[in-house]
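Trainee: Using the supplied hints, reconstruct the complex from the two chains, each of which is provided in its own coordinate frame.
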Amino acid sequence: VQKTMLVVEDEPRIVEMLTTRLKAAGYRVIPAYDAVLAGMMALKHHPDLILLDISMPGGNGLLVAERLQHVETTASISIIFLTASRQPGLRARAMALGAVAFFEKPYDAHQLLAAIARALGEPVAHAPAFVVEP
Amino acid sequence: MMAHRDAPLQILIVDDSPEDRMVYRRHLQYPHAGTYDVWEVETGADGLAVCQTQPPDCVLLDYRLPDLDGLEFLTVLASLEGGTNIPVIVLASQGNETLAVDVMKAGAADYMPKPTVSAKALERAISNAVNQATLRAALEEQRRMLEQTNADLRHQHEEIRSFYHMLSHEMKTPLTVIWESVAIVLDGLVGPLTVQQRKHLHLAKASCGQMTLSLNDLLDAARLDTGKLRIAPRAVAIGGVVERAVAAMTPTAQAKGIGLQQCIARDLPDVWIDELRIAQVLGNLLSNAVKFSPAGGTVSVRVCQDQLRPPWVCVAVGDTGRGIEPAQRDYIFDRLYQVRSDDAGIEGGLGLGLYICRQLVRLHGGQIWVESTPNQGSTFTFTLPTYNASDTPPR
Numbered sequence: 288v289q290k291t292m293l294v295v296e297d298e299p300r301i302v303e304m305l306t307t308r309l310k311a312a313g314y315r316v317i318p319a320y321d322a323v324l325a326g327m328m329a330l331k332h333h334p335d336l337i338l339l340d341i342s343m344p345g346g347n348g349l350l351v352a353e354r355l356q357h358v359e360t361t362a363s364i365s366i367i368f369l370t371a372s373r374q375p376g377l378r379a380r381a382m383a384l385g386a387v388a389f390f391e392k393p394y395d396a397h398q399l400l401a402a403i404a405r406a407l408g409e410p411v412a413h414a415p416a417f418v419v420e421p
Numbered sequence: 314m315m316a317h318r319d320a321p322l323q324i325l326i327v328d329d330s331p332e333d334r335m336v337y338r339r340h341l342q343y344p345h346a347g348t349y350d351v352w353e354v355e356t357g358a359d360g361l362a363v364c365q366t367q368p369p370d371c372v373l374l375d376y377r378l379p380d381l382d383g384l385e386f387l388t389v390l391a392s393l394e395g396g397t398n399i400p401v402i403v404l405a406s407q408g409n410e411t412l413a414v415d416v417m418k419a420g421a422a423d424y425m426p427k428p429t430v431s432a433k434a435l436e437r438a439i440s441n442a443v444n445q446a447t448l449r450a451a452l453e454e455q456r457r458m459l460e461q462t463n464a465d466l467r468h469q470h471e472e473i474r475s476f477y478h479m480l481s482h483e484m485k486t487p488l489t490v491i492w493e494s495v496a497i498v499l500d501g502l503v504g505p506l507t508v509q510q511r512k513h514l515h516l517a518k519a520s521c522g523q524m525t526l527s528l529n530d531l532l533d534a535a536r537l538d539t540g541k542l543r544i545a546p547r548a549v550a551i552g553g554v555v556e557r558a559v560a561a562m563t564p565t566a567q568a569k570g571i572g573l574q575q576c577i578a579r580d581l582p583d584v585w586i587d588e589l590r591i592a593q594v595l596g597n598l599l600s601n602a603v604k605f606s607p608a609g610g611t612v613s614v615r616v617c618q619d620q621l622r623p624p625w626v627c628v629a630v631g632d633t634g635r636g637i638e639p640a641q642r643d644y645i646f647d648r649l650y651q652v653r654s655d656d657a658g659i660e661g662g663l664g665l666g667l668y669i670c671r672q673l674v675r676l677h678g679g680q681i682w683v684e685s686t687p688n689q690g691s692t693f694t695f696t697l698p699t700y701n702a703s704d705t706p707p708r
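Read top to bottom, the protein sequences are chains Z and Y.
Quick note: the first sequence uses this note's numbering, first residue 288, plus one each step.
Quick note: the second sequence uses this note's numbering, first residue 314, plus one each step.
FYI, nobody ran anything at the bench for these hints, they're computed from the structure.
Computed from a predicted structure; not experimentally measured.
Every residue gets a Cβ at the ideal spot worked out from N, C-alpha and C, and that includes glycine.
One or more of the hints may lead you astray.
[Unchecked claim] Computed list of chain Y residues with no C-beta within reach of chain Z, every gap over 12 Å: (1) R536; (2) P624; (3) Q641.
[As the list claims (entries may be wrong)] If you want the footprint, here are the derived chain Z segments under chain Y, 3+ residues with CB under 8 Å: (4) 300-309; (5) 399-406.
[Unchecked claim] Here are the computed lysine to aspartate or glutamate pairs in the EDC-like style, where the Cα-Cα straight-line distance is at most 16 Å: (6) Y/K512 - Y/D500; (7) Y/K518 - Z/D395; (8) Z/K331 - Z/E303; (9) Y/K541 - Y/D530; (10) Y/K541 - Y/E471; (11) Z/K310 - Y/D500.
The shape of chain Y in the complex, shown without the other chains (with noise of 0.2 Å):
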C-alpha cells in the first residue's frame, strides 16, 4: 500500500465540486509533475469504495459532500481493513475549532480550512501524515511480530513441559525396572551373593537413587519456572521433620565419616508448611553440606525461632566445608548456577537444588541465606512461618 519513495505518492481527491478538485490538483503539480498521482470522485461512497479497492497513499477529504460528512466518512474508513491505515487530510470551507477537534479525534491525519490551502501547505501536511502513517505502519507490524514472538514462545514453552512429562514417565519407568531389579538381587531374592558382586549392585543402586534425585529436581525446577508448583501448608512440628531429614542423611554422613548434629530448640510453634517440600529442602542442604565436608568434618541443623521476625522459625544448616567465595554467594540460588572449582567434575550435580530450595522457601514465604568463611564452613538458614489457631493462617 504504501508507496516507495522514488514512486509517485498516490492521492484521491474525495470533493464534490469541480473548482476545488481542480485547485488541489494544480496545487499538487507544483513545483513539478510526477510527485504525486492524482485520482478524483464526486462522492463519500465512491471515495470509500476506491479505498477498499486501491488504497491510496493519502485521501484529500472534502467534509462537506451530497453523501455523508468526513465524519461519518472516517467512521467507515476506520471500519474498512486496512481504513486506519490511510492518513487523511480533512478539508472544510471554513475553520471551525470544534469540527477539526471532532475529525482529528475520529481519525483524520489533518485538518485545514480551505482558505489556507496552498502549494507549500498541502505539500507539507501530505508529508507529514504519510510519514505518521508510514511509522503507524511499522510499529504496527513490529506489535504484530512481537505478539507473534510471545506466541511462539508460549507455545515452546508448553512443548518444554509436555515434554518434561513424557520425560518423567519414560525415563522412570526404566529406572524404576533398573532399581527394583538391583534391590531384588541386593536382598537376596535370587540367590545368595558374593562381597563384590554385592558391593557393585550397591553401586549400580545408589547411581539409581542419585539419578531419580535429578530428574525430580528438573521436574520440579521446569513446574517452578512456570509457577505450576503450589504448596499445600499444614500446622505441622518442625522438630519432627528435622530429625527424619537428619535420620535419612545419617547413613550417608557415616559412610563419609562426617558427624552429623541437631539442635532444637524446645517449646517451638507447629510451623504452616508443605511438609515434603520443607522435607525436601532439608534433604538437599544436608546432602550439599555432607558432600562439600571433608571426612572428619560437622555438620549441624539448628531449628530456633527467628530473633528478627518472631514468632518465625529459622532452620540453619552448617557444614565444615571449604566455603563459599563471596562473589559466588549472589548467585548460588540461581537457576543452573554451579560451584566451579578445580574438582567440581566428581561433585556434579545439575545446579538446581538451591534453586528449587530458594524457590520453595519462597512459596512458604519464607527467606533463604547463607553465610560462609572460605575454608571454615558455610550455614544456610531458611525462616518458616508458624501456624497460631487463633489468627488466619498465613497466605
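Okay, chain Z solo, but in the shape it has when bound (with noise of 0.2 Å):
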C-alpha cells in the first residue's frame, strides 16, 4: 500500500523538491502551503507522516504539531520537523512534542529519506555513497 506523506511548507519550491524525492521513494504526497491548511489536510487525508516546517506565515509549526496531537484521529501521525531556524532550544522543544525527527536546512535528502523509513517501520534503502570527486 502506498504511503502518503504530508508535505507543510510556505515555499513552493521546497515543496517541490520534497515531492521529486518523495515521489521517486514511492511515497503520495500532499502539499500544505500554510499552518491552516496544514490541520485540514491532516484530518482529511490522515497522512501516515507529516513533513512539517516550523516558521510560516500565519502560523507555528510547533502549534501545528500540538494541535494534531490534541486531535484523537491525528494524535498518532508521525512528525518530522524541516527548519531553516538554529535558534537555541528549538530542536528539543520540537522533539518534546513527540516528533521522530529534525531536520536542519539545507537537509541531507538520504537522512531524510532514511529517517521517514525509520519511522514507517520500512527497511532503509541503501544510501548512495558519499563520492569525492578527485
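Mentor: Below, the structure is given as C-alpha cells:
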C-alpha cells in the first residue's frame, strides 16, 4: 500500500524538491502551504507522516504539531520537523512534542528518507555512497 | 539658563527684609555695576515662581521667610523641572551648624551666616556656586548623552540580531533549493549524467555545503556575542561523539590523502555536554586540521582523562600542518581572526570557527588551547566536565 506524506511548507520551491524525492521513493505527497491548511489536510487525508516546517506565515509548525496531538484521529501521525532556524532550544522543543526527527535546512535528502523509512517501519534504503571527485 | 560668561549673572534675592535686600544689592554692585542683574522677591512662593518661569543663575535665600523656611523652599525647588540646576546660597541670621548641615543636605550650594556676608564673600560664594552648577549640568549632559548612545547601541544590536534572523531565513531557502536541486540531479532522479557533469555538480554541492557552514557560523557567532546561545547538556559517552565526528570527516581527509587516527582511552566516565555543540567543536577542529595538513599528513584525535583536573576529560586534535607562530597563538581564538599567510586566500573562511569553538567549550565550563611547533604541526586540546550520578550535575 502506498504511504501518504503531508508536506507542510510555505516555500513552493522546497515543496517541489521534497515532492520529487518522496515520489521517487514511492510515496504519495499532499502539499499544504500554511499552518491552517496543514490541520485541514491532516484531518482529511490521515497521512502516514507529516514533514513540518516551523516558521511559516500564519502559524507556527510547533503549534500545528501540538494541535494535531490533541485530536484523537491525528495524534498518532509521525512528525518530522524541517526548519531553517537555528534558534537554540528549538530542536529540544520540537522533539519534546513527540517528533520522530528534526532536520535543519539545507537538509540531506538521504538522511531524511532514512528517517522517514525508520518512522514508518520500512527497510532503510541504502543511500548512494558519498563520492568525492578528485 | 546658564548665563554667558560676558552677560551679567541673574541673581534672585528671596528675603522679606528690605534692609537685608538693600545690603545684598549694594554688595553685588561693588566694586562695579554690571556683573549681576539683581531681582528681588519677598516670599518663598514668589521666589519659586520666578525659578520656574525665569530660572536665575543663582538664588540668595533668606532662611526665615514669612511663608516657607529654607528647607521647605529647597525641597519644593528640587521637585521642579530643572530646579536642581539652580544653585541656592542660604543666608541665615545667625550661624548654626546643624542648620548648615541640613540645608546643604537639602541641596543648597552654600550657607552663610548674615554677619559674615561681605561683598567679597558673596562674590566668591556666587562664583563657586555657579561654577559648580555649570560643571554639574555639563556632567549631567554627558551622562544623558552616554545613556542615549547606550540606547542607540542597544537598538542597533537588536536590529543586527533581527537582520541575522532574516538572513537565516532569506538565504537558507534559496540555498536549500540549490543544494537539493543539485543533489536530485546528482542522484540520477532526472536522468543519467556524464562523468564531467557529475564532477561539476559535486563541486556545486560541496560549495553549497561550505556556504551553509559559513552561514551557520555567522548565526552562531551572533548568538554567542549576545549570550543568546544556551547549551542543553546531558550525560553522553564521549567515544561515540568522537567516532561519529571522525567518520564524517573521513571522506574529505581521504580525498586529500590525509590519514585520520583516533585513540580513545577505555573506561572514561560519561561527559556532561550538549552533544550537538561538542560535535560542532570537533567538526570544526577536524576540518581545520585536515585543511592545514599537507597531502600525506596525519590528523589524530586523542581522548583521555585530564591529568591536571580529574575526572575531567581531555580531547586533543593534532595535525601535521605548518604550525602556528607563537605570536599568533594568543589571537587565533578571537573573533574574526584569520591566520594570514601567502596562501591564506585559497583557504578562506570567516575566521569565526575557533571563536565559536572557544565560546562553546567555555559554555560547558571547559578550556581550549593550542600547542604548536612551526612546520611540524599543531594540537588543539579542550576539556569537558564529566557526569557523576551521585553529584548534582556541574552547571
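Trainee: Give a verdict on every hint.
Mentor: Now for the hints, and whether the structure bears them out:
1. R536: Y/R536 not clear of chain Z: closest Cβ-Cβ about 7 Å, inside 12 Å.
2. P624: 27 Å, holds
3. Q641: Holds, since 30 Å exceeds 12 Å.
4. 300-309: holds (count 5)
5. 399-406: violated (count 0)
6. Y/K512 - Y/D500: 13 Å, holds
7. Y/K518 - Z/D395: Judged against 16 Å, a Cα distance of about 11 Å means the pair holds.
8. Z/K331 - Z/E303: 22 Å, violated
9. Y/K541 - Y/D530: Satisfied, since the Cα-Cα distance of roughly 14 Å is no more than 16 Å.
10. Y/K541 - Y/E471: Holds: Y/K541 and Y/E471 sit about 12 Å apart, inside 16 Å.
11. Z/K310 - Y/D500: 14 Å, holds
Checked against the numbered hints listed earlier, the structure breaks hints 1, 5 and 8; every other hint is satisfied.
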